[in-house]
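Fit the two chains together into the complex; they arrive one by one in their own frames, and the hints show the way.
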Amino acid sequence: MNSGAVKGWAGAAAAALSLGLGLWQALRPFPEAGRTPKLAGFLAPLATAPVPRGAAIALAKPASMSTEAALFALFEAAWQRPDLHWTIDAEDRRVAFVVATPGTRLPAGFAEVWHAGGLVLFERAGR
Amino acid sequence: MSGLAAILAALLLGGGVHARLRGACPTLSWSVGVPLWGTLGCALWLGSAAFVGAAWSAGLVIAMGIAGGVLLAPGVGRAPLRRPRLWAVAALALALPQSLRLAANPAFAWDFRYIWGLKARVFAAAGGYDWAWLAWPGHGFAHPDYPPLWPDLLAAPVLSGGDVRIAAALWQGLLALALAAACWWAARDAAPPLRTLAAAVGAWSPVIFAPHYSGNAEPMLAFAAVVALASLRDLARNEPGSVLPLTASVAALALTKNEGVALAVGVVAGAIVTARGRGLITAAGLIPGFVWRAATGLHGIFGEPLNLAPAALAHRFTALATSLADTLHAPAFALLAAVWILALAGLMAREARCVLIALAVWFVATIAMYTAGGHNLHWWLATSLDRVLAAPLPGVLAVVIGVSRARDPVEAEPATILPAS
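Respectively, the protein sequence lines represent chains A and B.
The opening residue of the first sequence carries number 1 in our numbering; numbering runs sequentially from there.
The opening residue of the second sequence carries number 1001 in our numbering; numbering runs sequentially from there.
There may be inaccurate statements among the hints.
[Claimed, not checked] Incomplete in silico selection of chain A near chain B, CB under 7 Å:
| no. | residue |
| --- | --- |
| 1 | Lys-7 |
| 2 | Ala-10 |
| 3 | Ala-15 |
| 4 | Ser-18 |
| 5 | Leu-21 |
| 6 | Gly-22 |
| 7 | Leu-23 |
| 8 | Gln-25 |
| 9 | Ala-26 |
| 10 | Phe-30 |
| 11 | Pro-31 |
| 12 | Arg-35 |
| 13 | Trp-86 |
[What the hints assert, rightly or not] Rough simulated footprint, nothing fancy, chain B against chain A, three-plus residues with beta-carbon under 8 Å:
| no. | stretch |
| --- | --- |
| 14 | 66-75 |
| 15 | 78-85 |
[Claimed, not checked] Now the in silico label distances, taken between C-beta atoms and shown as ranges:
| no. | chain 1 | residue 1 | chain 2 | residue 2 | range |
| --- | --- | --- | --- | --- | --- |
| 16 | B | Pro-1097 | A | Ala-47 | 33 to 39 Å |
| 17 | B | Val-1089 | A | Thr-67 | 52 to 58 Å |
| 18 | A | Ile-88 | B | Thr-1322 | 29 to 35 Å |
| 19 | A | Arg-94 | B | Phe-1302 | 17 to 23 Å |
| 20 | B | Thr-1027 | A | Ser-66 | 52 to 58 Å |
It should be emphasised that the hints constitute simulated quantities derived from the structure, not laboratory data.
Positions of the beta carbon are idealized from the N, C-alpha and C atoms, including for glycine.
Just chain B, with the same shape it has in the complex (with noise of 0.2 Å):
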């Protein structure tokens, strides 16, 4: 079995999975659905069998695929074709080249080789996770505390005698269509040539696709981030059946990347503020990071130590000041900068205060982990800054997208918002 086979199987496993679920979320389209479902039961398939003391292997991998095969049967052939539409099979058109780009290169850089291929590697060779690699104090610049997913989703088509280099760039190819499948249904409200342009801005989403990031994780985070804003939208919306891919988006968030966890809380609060008792249940979604967190820990393995001493916070928050404008000289850096202050002003709508509250929460804790964190600040930023900005980004260009032709309460409908007079 090749390690395509294992991408397969997890897509099997998403398809079954999107099948039984379809009810609890009409609005939620196969092509999202599936990768969604995929990843995140990839993840947690392979999680619950380490946890429970089963070895993976390729027949665990063989295995995923027969349960997705036999939740998704009963639904063969029920779901009725449709004619695909003009602007769709655009969208596809622009999105496949970068699909074909990235799944054809073996990825190569520097984090994906020494933290996400390494530690996929460990752990297939371990048939689990390694707590005592992931404890031996010289490998610390693994970061053995960050959370699974990827390496996880890694390391099924490496148990089935795949490349990891190959692998990562499989993922990856799939992860830009499911991107751009993922922020075409996020504007679902926006006329068909936007959605188009949505579905190619995520697609072709800067930095998480450039060659010195290949094989990284952000790609997965921003198609998570994604279905996570956009369920967000729609449970302000009132609309059926966000709940649940709200909090699976939540869950492979903050399985992904430490960023993803301050994301993930942050869409929790803003689930919490719009649709108290039904937001309150997206929280079950920071469980499955929970209990990593809690393994980690209970394994002696800890992140990187913050200072917090008040006087050490507030002389590193004035550098980190002087290092963010210096940062943000360099072309790419700044072009970004620009496109999430366009983007936050068109983000400006009363549907969209929920989605505001998730990126402040997330802001303010990339703030807190810059400043109380011990690298030196220029080089930590110039480094990852750009990685942090744009993980994101497709998410909230697509609900901008999205927002833009809905209806604003205050423009549309005064006479509902102002009293009779």
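Next up, chain A with everything else stripped away, as it sits in the complex (with noise of 0.2 Å):
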């Protein structure tokens, strides 16, 4: 076999290789679970709270969360409202609201203005 056919053989069995890899990752099944973070619905209210856009806004983690999943919090947060500017460092001083869950001890100077759900939202006094 002269080398033009061993590349044409390697070139066909790669494009074989690739098309069935492709056909078998398409086509498993894949979990219902998976296509909705579990976070998703627990944050939706956030859509309807009353921070006007722009906003530099906390997402306070409550005691029992850990960081990881604080951060993965702050992401979906950041999905339901891409309109504001979020962190999870509610001591910035650039934050002018916080969003938290009920009882999350926060830094003093803030005001509830708003609850929904699971969350409270509160205010930078005097602002």
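Pasting the structure below:
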């Protein structure tokens, strides 16, 4: 077999292998639960929270939540309200609002202005 | 106006530009030219508006479609209709189920939701690139420095009232067809059954269309890579009209992902080595990506920090080898590596040397990024290596299939290579 034929067969084999892998990956069942983040429903009320566009807002981490879980919660909060500037640092001086779960300890100077579902919104006093 | 209408407006722009440029790139088919100019044109249309201070709106998207229609109108009815060929119909029949499957499933992957789709919604809500949002320290997770083409494409349907998850699904369904068409076009020197195989390989590309990556930017990157690598081969063959699609695909690569920038630079390097002055023209395709980098830099938006200390690089490089070996134990990764090895064996033809140069630059840049980056290597490779390796693969395979039947000067015409005795 000459080198041209070897190259041809190598190319055809690569193409067939790629096609097989692509078909297998595309057609195997994917769990329905993996399509929606667990926190999406919990954070959905944020869509109606009375926070003006462009405001800096912190997501206060409940004591029981790991830092990694809090980061994913932050991602989902940003998805729910892409018009706001999000952080997990409630101590940041630029933060005007904090969203938390009931019972979460907040820095001094915040007052509750709204709640829905399991979420409470606080606004920095004297704004 | 729905999200679908915005995608049709982009395609109308692509059709108009293709109709105008057909004379300059005669080998580029409509089925490749329309999505190429449509995706790149849509991103440049919105990007230019953002940079000149014109707010993005549904009206801007409608204007894009009208501009496409105006460009297209003089050529309507002049293109001769050809009877569809059996193998082309077979290729379409193989690609269509994948396209419909993708279009029917709203996107949901993590990177789509928290990087690509999120930024599209931010841009659509702000009426352009929201530099304050991108520069906000808490938003580093969304990789604000990443090139904007894919979020731009997703933002256009959102501006028109569409849902970004459905927009991503529709674009990916379209890109599956575009990939099939591009691979069919790239393998045009092969026998018709092999061209059909190339089209099926494009439509059913592994990894990039896997459900857990749904909505990510890789299908766009893969489509641009097919056009770039095939046009690079065409440049080496001295085919007329290869410079323009090559330059456009370089621009699309560099505007889609950071790996795309590496491949774009590699393609330009391959073009310069192959065709000197004409190759140098393709470097113009890097300009839009450079403008984006300059703009993000001016707003204080930079990528993740790299550790370039020699001792750290040496240590990390050793660790990379170990982590790579571990990662390749997973069956899907091992299969992907096997496909690459076979494809590279098939690519050892003289006219594909420039493609090998492009891939070598991309490969070295990829290794350098993993070496200098700060993430945990095992995690980073496990969550990204398959996507990185898979994106250029349809293009490589289509070129391999295309050159497998083409004449190799060493074997086919020894008299022109060896001195006469």
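Structure-based check of each hint:
no.: 1; hint: Lys-7; result: holds, 5 Å
no.: 2; hint: Ala-10; result: holds, 4 Å
no.: 3; hint: Ala-15; result: holds, 5 Å
no.: 4; hint: Ser-18; result: holds, 5 Å
no.: 5; hint: Leu-21; result: holds, 4 Å
no.: 6; hint: Gly-22; result: holds, 4 Å
no.: 7; hint: Leu-23; result: holds, 5 Å
no.: 8; hint: Gln-25; result: holds, 4 Å
no.: 9; hint: Ala-26; result: holds, 6 Å
no.: 10; hint: Phe-30; result: holds, 4 Å
no.: 11; hint: Pro-31; result: violated, 9 Å
no.: 12; hint: Arg-35; result: holds, 4 Å
no.: 13; hint: Trp-86; result: holds, 5 Å
no.: 14; hint: 66-75; result: holds (count 3)
no.: 15; hint: 78-85; result: holds (count 5)
no.: 16; hint: Pro-1097(B) with Ala-47(A): 33 to 39 Å; result: holds, 36 Å
no.: 17; hint: Val-1089(B) with Thr-67(A): 52 to 58 Å; result: holds, 55 Å
no.: 18; hint: Ile-88(A) with Thr-1322(B): 29 to 35 Å; result: holds, 33 Å
no.: 19; hint: Arg-94(A) with Phe-1302(B): 17 to 23 Å; result: holds, 20 Å
no.: 20; hint: Thr-1027(B) with Ser-66(A): 52 to 58 Å; result: holds, 56 Å
Consistency with the previously given hints fails for number 11 only.
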